[in-house]
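Peer 1: Sequences listed follow chains A and B, in order.
Residue numbering for the first sequence follows full-length UniProt numbering, beginning at 1 and increasing consecutively.
Residue numbering for the second sequence follows full-length UniProt numbering, beginning at 1 and increasing consecutively.
Be aware that a few hints might be false.
[Unchecked claim] Calculated lysine-lysine pairs in the DSSO-like style (CA-CA distance at most 27 Å, straight line):
hint	chain 1	residue 1	chain 2	residue 2
1	B	LYS226	A	LYS24
2	A	LYS181	A	LYS47
3	B	LYS312	A	LYS34
4	A	LYS24	A	LYS109
5	B	LYS226	A	LYS47
[To be verified] Covered stretches of chain A, as calculated for chain B (at least 3 residues, CB under 8 Å):
hint	stretch
6	48–60
7	102–113
8	123–129
9	274–287
[Claimed, not checked] Under 8 Å between C-beta atoms, here's a sample of chain A residues computed to sit facing chain B:
hint	residue
10	PRO298
11	PRO301
12	ALA324
The hints are simulated quantities; they were obtained by calculation from the structure and are not laboratory data.
Just so it is clear, CB atoms sit at the ideal spot from N, CA and C, and this is done for glycine as well.
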Amino acid sequence: MTQTMAVAKALNESLRKALENDPKVLIMGEDVGKLGGVFRITDGLHKDFGEGRVIDTPLAESGIVGTAIGLALRGYRPVVEIQFDGFVFPAYDQIVTQLAKMHARALGKIKLPVVIRIPYGGGIGAVEHHSESPEALFAHIPGLKVVSPSNPSDAYWMLQQAIECDDPVIFFEPKRRYWDKGEVDVSALPGDLHRAVVAQQGTDITLAAYGPMVKVCLEAAAAAANEGRSLEVVDLRSLSPIDFDTIQASVERTGRLVVVHEAPVFYGAGAEIAARITERCFYHLEAPVLRVGGFHAPYPPARLEEEYLPGLDRVLDAVDRALAF
Amino acid sequence: MSVKSTAAGGPPAKGRGRTSPRGHAAKPRTGEPGLVQLLTPEGERVEHADYAIDLTPEELRGLYRDMVLTRRFDAEAITLQRQGELGLWASLLGQEAAQIGSGRATRPDDYVFPTYREHGVAWTRDVDPLNLLGMFRGVNHGGWDPNENNFQLYTIVIGSQTLHATGYAMGVAKDGADAAVIAYFGDGASSQGDVAEAFTFAAVYNAPVVFFCQNNQWAISEPTEKQSRVPIYQRAAGYGFPGVRVDGNDVLAVLAVTRAALEHARSGQGPMLVEAFTYRMGAHTTTDDPTRYRRDEEREEWASKDPIARLKTYLEREGFADEDFYAGIDAESDALAKRVREGVRNMPNPGTMAIFENVYADGSALVDEERAQFAAYQASFEDAAAGSSAGTGH
């Protein structure tokens, strides 16, 4: 059964289904109740499931995640909303020192099925702390799983899979894609949460991206096709773990790889992918793995974000450079 | 170290406010004993045992002028946001007395740590209103020099600045200066760990800091009951310093209480918590829609406690202001609005390379490298454009 919906609506429907399917699922966060969240992702859930399951919390991120851990220890499956990427850091201590490590600390005797949803990335003209891409800071932490959908169908299915997962999952939502529409087959069984997919087949070069940058890469592929170049686009979907097999298979066909993300390039996900793919595909590579991403500078004021964010031109520039080798 | 109450600070939490048997806070009403008030919503001047104030007509007119001009500035900013000149605006409508009263209580050598809504406090510190608008237009993240007016940059992350204020106050004390520090925050922020830690540090180090909480009843969509079971000012007692609740829509009471609190801090008696009980008449920001979560009647009820209207009633009853005075303020308001409007519209976008500026005080080879690469990348378009225009013969 296929429906057309925006990413935001897909997430909303996904949460609704999770609440219906499992009485242990709880939603927690700032303004997630009556308001339905500042992006309306929890719209209507408070009304239909009550404040016992859709919980407006005090304005305290460490408190939200810390108590979600306690609820998980008690057998619940909390789905936490952090209002904006830049507001997660009061909770970073709880996430890193407790959430990520408790399962190991208990020698596997306890599980922490907590999902932390974080709207992330720029492109919405916001003030400071509302446009950041901190995913590498979480992917670097053993014990956490990190995923990011790029389209409505993945938003719908990956969120449910994250909620069903017995490990903590940091679920990064590309906020500037919230209003992008697409087809969602709500009856199709999804594949693995952590598998990458080839979003666009091509033969000359592979672009690897996730979340908000997948759309940019698909547009780059379309633009390059007009010039007779065939770009393959891999939507990573998961950043921890990363499905290197799918990237490897693609690079073995194309011989070239450009990794694209909004987050700063320095110590970003692209560095890990470049290193692994160089190890795996050394004799297939026709060019060094190139990276396109943010600069080593604070996310700029809104009037500069268009220049700051990697767009079509910067992706195609990297493609040119990789093909020039 | 003394955290004992003083006449100026008022007694600690004991006896202030009421709690129901379950410990829930009784809904405070204006005029109840736990609320310091010197000017009623009807514009009646009343006395308070702990807080006295004696202002000249000129000073009273000054407070009125501050509030009216601040409100006009705020209204202009909302309009500019609607017109697309600003990306966002956080309105202070309804909180003018809390901000002007507390701001006017500060001395030039005191230091202010604001949230992102302290436009009225900024006004009292002589911060150019245009400076406040840059971050909301998206041309900078604040950018003014905090030391010019002892007014820190706006802080967006909720509650962070209370710790900065506490540390600054610890430094003031170490230096033997007699200045005080004032940290602004809201009812929502009172839940943040940083605020609890700021209270702890300030108490333990007897820091000369006033924690000024504008309880405007709403943290976006969440009412204060979602943050606290007791009136916020009562939290101070648990940390060992005095707390007091003041009618935040009464500029005289806010001025009197904040003066006393700052003097308490300056005189070596340590921190104090002031809860200004007020109301956010507008939306949280221009992106918010309060009709989704609160009743119109509540807003109307608070409209009848308007801070400006009650002072005007008082000024008129006492014959402290005449038509010329009001006409003069109207003209000043119009001039301010015009200056703000034109200033914002003419505010230039930063150059692209500003991205790489001020990342480090001592510079960084990494930033230099990325800047050079990006400059070359951008120049490649100019070269291409030059090449193509040459080719087409234009």
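Peer 1: For every hint, state whether the structure bears it out.
Peer 2: Status of the hints after comparison with the structure:
1. As the CA atoms of B/LYS226 and A/LYS24 are separated by approximately 23 Å, the hinted pair is consistent with the 27 Å bound.
2. At roughly 25 Å between alpha-carbon atoms, A/LYS181 and A/LYS47 fall within 27 Å of each other, so this suggested pair holds.
3. Under the criterion of a C-alpha separation no larger than 27 Å, the hint pairing B/LYS312 with A/LYS34 is inconsistent with the structure, at around 37 Å.
4. Straight-line distance between C-alpha atoms of A/LYS24 and A/LYS109 comes to about 19 Å, which keeps the hinted pair within the 27 Å bound.
5. A C-alpha spacing of about 17 Å is found between B/LYS226 and A/LYS47, which places the hinted pair at or below 27 Å, so the restraint holds.
6. As drawn, the stretch 48–60 of chain A meets chain B at 5 residues by the rule of a beta-carbon pair under 8 Å; at three or more, the given contact holds.
7. Beta-carbon proximity to chain B at under 8 Å applies to 0 residues in the stretch 102–113 of chain A; the threshold of 3 is not reached and the given coverage is violated.
8. Counting residues of the stretch 123–129 of chain A whose CB lies closer than 8 Å to any CB of chain B gives 5, so the stated coverage by that chain holds, three being the minimum.
9. Judged by the Cβ-Cβ criterion of 8 Å, the stretch 274–287 of chain A is not covered by chain B as claimed, because only 0 of its residues qualify and three are needed.
10. Look at A/PRO298: its Cβ gets to within about 7 Å of chain B, closer than 8 Å, so that hint holds up.
11. Contact between A/PRO301 and chain B, as hinted, is supported at the beta carbon level, the nearest pair being about 5 Å apart and thus within 8 Å.
12. Against a cut-off of 8 Å between C-beta atoms, the interface hint on A/ALA324 is violated, since the closest Cβ of chain B lies about 13 Å away.
Going through the hint list in order, the structure does not satisfy hints 3, 7, 9 and 12.
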